[in-house]
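Participant: Below, each chain spelled out in residue letters.
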Amino acid sequence: MEITVTVNGTEHTADVEPRTLLVDFIRTNLALTGTHIGCDTTACGVCTVLLDGTPVKSCTVFAVQANGKSITTVEGLKQNGELAPIQAAFKEEHGLQCGFCTPAMMLVGSKLIEENPSPTDDEVRWAISGNLCRCTGYINIVKSIQRAGELTKAGSDA
Amino acid sequence: MTTTADHRSPQTTPEVGGIGHSVKRHEDDRFIQGAGNYIDDIVLPGMLHMALVRSPWAHATINSIDSSAAEAIDGVLAVVTGELLAEYNLAWMPTMSGDTQAVLATDKVRFQGQEVAAVIATDPYIAKDGADAVVVDYDPLPVITSPLQGLESDAPIIRTDKEDKTDNVAYEWSSGDTDLTADAFAKADRVVTLETHYPRSHPSPLETCGIVADINPVTGQADLYMTSQAPHAHRTVFALVAGLPEHKIRVISPDIGGGFGNKVPVYPGYVVATAASLVIGKPVKWVETRYENLISTGFARDYHMKGELAVTNDGKILGLKVDLLSDQGAFYSDAQPTNFPAGLVGIVTGSYDYPAAQVSAKGVYTNKAPGGIAYRCSFRVTEASYLIERLVQNAAYELEMDPAEFRAKNFIQPDQFPYESPTGFVYDSGDYETAMRLAMEMVGYEELRAEQAKAREEGRLIGIGMASFTEVVGAGPSEEFDILGLKMTDSAELRVHPTGKAILKLSVRSQGQGHETTFAQIVAEELGIPAGDVKVIEGDTDNTPYGLGTYASRSTPTAGAATSMVSRKLAEKGKDIAAHLLEASVDDIEFASGTYSVKGSPESSVTIQDAVFAAYTNPPPGLEGGFEGVSYYDPPNMTYPFGTYIVVVEVDEGTGQWKVDRMIAVDDCGVRINPMIVDGQIHGGLTEGFAMSNMQWITFDEHGNCIGAHLDNYMIPTAWETPRFELGETVTPSPHHPIGAKGVGESATVGSPAAYVNAVVDALQHRGVTNIDMPVLPDRVWQALQESKA
Numbered sequence: 001m002e003i004t005v006t007v008n009g010t011e012h013t014a015d016v017e018p019r020t021l022l023v024d025f026i027r028t029n030l031a032l033t034g035t036h037i038g039c040d041t042t043a044c045g046v047c048t049v050l051l052d053g054t055p056v057k058s059c060t061v062f063a064v065q066a067n068g069k070s071i072t073t074v075e076g077l078k079q080n081g082e083l084a085p086i087q088a089a090f091k092e093e094h095g096l097q098c099g100f101c102t103p104a105m106m107l108v109g110s111k112l113i114e115e116n117p118s119p120t121d122d123e124v125r126w127a128i129s130g131n132l133c134r135c136t137g138y139i140n141i142v143k144s145i146q147r148a149g150e151l152t153k154a155g156s157d158a
Numbered sequence: 001m002t003t004t005a006d007h008r009s010p011q012t013t014p015e016v017g018g019i020g021h022s023v024k025r026h027e028d029d030r031f032i033q034g035a036g037n038y039i040d041d042i043v044l045p046g047m048l049h050m051a052l053v054r055s056p057w058a059h060a061t062i063n064s065i066d067s068s069a070a071e072a073i074d075g076v077l078a079v080v081t082g083e084l085l086a087e088y089n090l091a092w093m094p095t096m097s098g099d100t101q102a103v104l105a106t107d108k109v110r111f112q113g114q115e116v117a118a119v120i121a122t123d124p125y126i127a128k129d130g131a132d133a134v135v136v137d138y139d140p141l142p143v144i145t146s147p148l149q150g151l152e153s154d155a156p157i158i159r160t161d162k163e164d165k166t167d168n169v170a171y172e173w174s175s176g177d178t179d180l181t182a183d184a185f186a187k188a189d190r191v192v193t194l195e196t197h198y199p200r201s202h203p204s205p206l207e208t209c210g211i212v213a214d215i216n217p218v219t220g221q222a223d224l225y226m227t228s229q230a231p232h233a234h235r236t237v238f239a240l241v242a243g244l245p246e247h248k249i250r251v252i253s254p255d256i257g258g259g260f261g262n263k264v265p266v267y268p269g270y271v272v273a274t275a276a277s278l279v280i281g282k283p284v285k286w287v288e289t290r291y292e293n294l295i296s297t298g299f300a301r302d303y304h305m306k307g308e309l310a311v312t313n314d315g316k317i318l319g320l321k322v323d324l325l326s327d328q329g330a331f332y333s334d335a336q337p338t339n340f341p342a343g344l345v346g347i348v349t350g351s352y353d354y355p356a357a358q359v360s361a362k363g364v365y366t367n368k369a370p371g372g373i374a375y376r377c378s379f380r381v382t383e384a385s386y387l388i389e390r391l392v393q394n395a396a397y398e399l400e401m402d403p404a405e406f407r408a409k410n411f412i413q414p415d416q417f418p419y420e421s422p423t424g425f426v427y428d429s430g431d432y433e434t435a436m437r438l439a440m441e442m443v444g445y446e447e448l449r450a451e452q453a454k455a456r457e458e459g460r461l462i463g464i465g466m467a468s469f470t471e472v473v474g475a476g477p478s479e480e481f482d483i484l485g486l487k488m489t490d491s492a493e494l495r496v497h498p499t500g501k502a503i504l505k506l507s508v509r510s511q512g513q514g515h516e517t518t519f520a521q522i523v524a525e526e527l528g529i530p531a532g533d534v535k536v537i538e539g540d541t542d543n544t545p546y547g548l549g550t551y552a553s554r555s556t557p558t559a560g561a562a563t564s565m566v567s568r569k570l571a572e573k574g575k576d577i578a579a580h581l582l583e584a585s586v587d588d589i590e591f592a593s594g595t596y597s598v599k600g601s602p603e604s605s606v607t608i609q610d611a612v613f614a615a616y617t618n619p620p621p622g623l624e625g626g627f628e629g630v631s632y633y634d635p636p637n638m639t640y641p642f643g644t645y646i647v648v649v650e651v652d653e654g655t656g657q658w659k660v661d662r663m664i665a666v667d668d669c670g671v672r673i674n675p676m677i678v679d680g681q682i683h684g685g686l687t688e689g690f691a692m693s694n695m696q697w698i699t700f701d702e703h704g705n706c707i708g709a710h711l712d713n714y715m716i717p718t719a720w721e722t723p724r725f726e727l728g729e730t731v732t733p734s735p736h737h738p739i740g741a742k743g744v745g746e747s748a749t750v751g752s753p754a755a756y757v758n759a760v761v762d763a764l765q766h767r768g769v770t771n772i773d774m775p776v777l778p779d780r781v782w783q784a785l786q787e788s789k790a
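Residue numbers (our numbering), protein chains in the order written: chain A, 1 to 158; chain B, 1 to 790.
The reader is advised that the hints may include incorrect statements.
Below 25 Å or equal to it, Euclidean Cα-Cα: the simulated DMTMM-like pairs (lysine to aspartate or glutamate) are [stated by the list, open to error]:
| hint | chain 1 | residue 1 | chain 2 | residue 2 |
| --- | --- | --- | --- | --- |
| 1 | A | Lys78 | A | Glu2 |
| 2 | A | Lys91 | B | Glu15 |
| 3 | B | Lys24 | A | Asp52 |
For each label pair, taking beta carbons as the anchor points, the in silico distance ranges come out as [as the list claims (entries may be wrong)]:
| hint | chain 1 | residue 1 | chain 2 | residue 2 | range |
| --- | --- | --- | --- | --- | --- |
| 4 | A | Lys153 | B | Glu15 | 24 to 34 Å |
| 5 | B | Ala69 | A | Thr54 | 40 to 50 Å |
| 6 | B | Thr13 | A | Gln79 | 45 to 55 Å |
| 7 | B | Val218 | A | Thr54 | 32 to 42 Å |
| 8 | B | Ala450 | A | Lys78 | 53 to 63 Å |
| 9 | A | Ala88 | B | Asn37 | 44 to 54 Å |
None of these hints come from the bench; they were simulated from the model.
By construction, the Cβ of each residue, glycine as well, lies at the ideal position given by its N, Cα and C atoms.
Assemble the whole structure, with the sequences as input and the hints as a guide.
Facilitator: Here you go:
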């Protein structure tokens, strides 16, 4: 089936098998390997991307379901060659160790602070509760997302 | 605090970023931009894909394998079976414990999920279609799902492949002194006993295991991209197993998405993909699904433990007896040192001073996946620490003493180090009571006990659990430690380029621990070259010196020490150059903080960068060119990190649910190289300890069906359940490590499970509850409360 999807602002048209998972389309057809695969059962969340701005687990979405839609992956976070606040904050607050869950965590975090730039500890934890991390114990991920909110506010106030 | 100013305040400027600075991680830049390079990101021209056919039965004879329907699928190139591998003598492979393991089953399957056949195809989806189309005819056999069952006289024999094998015993081992222990028990006022099961768990890193095997049919060069925590050891194993010449094998371990011990063993899928690439002449990729990861690769723990503590009525420990029954699964494949079949479980005597102990362990084959890997732990130290810390807590209850005071009365004292334990470990350094008192102060222990008493009167169940653990990590001295004969030394190679920028190549392999930053900081500390000017390379056997890899908290104790030693070698070489540049005698040259100066006239000096530049542009006559070196480090002893963890829980009597209110962790891992990274390691370990005590559990029904092979029934804590942690530290340097560091990656996983479980038991002990097995599920708590009422 032919689909047209806009990924990180660039339109792609491709012929895919109906059974192709969105995550495989992103990783294989578009060679955007920052989106990872951890379980293929929607449990771990490392494949999370933004589909028309909403976080989805791309291992349980077919590529054809994204036809006509817009997707943001980790590769689309940088703006004008600058790290996004969420990226800078993850480094600053030691919000990652092995890095495997990080792209998904940053996408979910960026969506959260877009809606709520000053989330509480519980609000962040609830927002990322669909995304597993085995390394950090989440403490510094929570701090990173809160810090990104501060950076974003500071940026828009400036 | 047991620390001195020397060990706490950084000796270098933040710009240099040596020991003690929380330098932001060098590796983060690629990860936050989605530019990590993990195994599944490797794509080679002409690459094929592999999928495995796995057994639905736990124990069954294989009658036939019909691959015709699979072979008929467009895009399927080959179906590999054990019979085919047997032609190349590859149907079986050695394990890290000197046992054998089936690569693809030939005679029978021995656990659910065992590898039976492999399908090679042009596309991963087609490979899976092919695997679904392979028809295997089985005859089920009786199943063994526990070691006790395996020891019964009429138990079916699992390892019929071993000639003359008449039982299911994998190994037997003992340590300590039986006579001394018998004496101690004869003198005891009472004996405190605990029988408990440390359940089967799984590291389950978010990235599963995988390989891209690329054997060039023209040159015979084998490039093996693998999720490998031990790339050099794996290269040697591949040379031995597959008969490939070792100089033509290059193991490349790209970025690893978490390891925790899961990526130490060599798995059948690696061998099959390599064989397939060899036969077909094209690269072959295999990456596990999560189901495959959980059902077939390295499980951890599964120890049935009985501990007996001989004590006096006034609270002194006299001796310890431990009996362990280990569920090994179908193949004995613990990845651990040859001389220690039950790992380092002899550390079970813990942080306490008493003269006598005996420990015996028996490993039993069962119809479960093999593994026995050291899941974020130094070879069974987790099991050991759990048992002694649970026993000590229960002994205090029995003697009606406060568990903290009972511990304090029995701790090994600071002036007793080096301390030889009854099982022969020589503890390097420690100050256990100081760490415990700090944790008690942080949590407000006395007030909490009062609050607990008040809560009990109100009918609320509050529990305070403690663990004062000691680990043994950093294997290890070559006299005692090898894996498959390979001595457990590790190495570092350092080259400083003319402009003063350096490249450090290590034998170990980070899986998220931040080696690219931490090890650069060691160079910064030793040579004064800024950490930001040091590139760290790992995970490529063609481009790094030999060593046994990263697990058992051994990278800092071994390769970290090697990094110091090679830096010091180069610092010495720099003295010759500085003497030449400063026109002074080499005996008069001093080196500190990256500067060479002439004794007595500090204004006469050159920087390390000047000396390095001169090594390439203006070397003293007769001096060998370049500025590089290599060091192999054979540690004189293991290191012994320790600490005290205190957990406060509230238990809901109606549902059996328990919630962590506080979690205090005081760690002493010796000198901390990067405090930010150390704290991150502890956060992660405390979470995995919580996971094991609260929810993670791989179990089996009576047919050997694995329950826990998906993330919807193998529960991993999310941010929502994970407790908040409060960290504290003491610093007691290791006296034998060049920079006094001990290793920290696993302390929290080792020490914390007992603290969590002790907290729940503490909430219920006044009702007569002395044990609840992990995972401490609400139904188990509720059940224990009902039984205590009866």
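Participant: Hints first: check each against the structure and report whether it holds.
Facilitator: Outcome of the hint check:
no., hint, verdict
1, A:Lys78 / A:Glu2, "violated (29 Å)"
2, A:Lys91 / B:Glu15, "holds (18 Å)"
3, B:Lys24 / A:Asp52, "violated (33 Å)"
4, A:Lys153 / B:Glu15: 24 to 34 Å, "holds (30 Å)"
5, B:Ala69 / A:Thr54: 40 to 50 Å, "holds (41 Å)"
6, B:Thr13 / A:Gln79: 45 to 55 Å, "violated (34 Å)"
7, B:Val218 / A:Thr54: 32 to 42 Å, "violated (50 Å)"
8, B:Ala450 / A:Lys78: 53 to 63 Å, "holds (55 Å)"
9, A:Ala88 / B:Asn37: 44 to 54 Å, "violated (22 Å)"
Checked against the numbered hints above, the structure violates hints 1, 3, 6, 7, 9; every other hint is satisfied.
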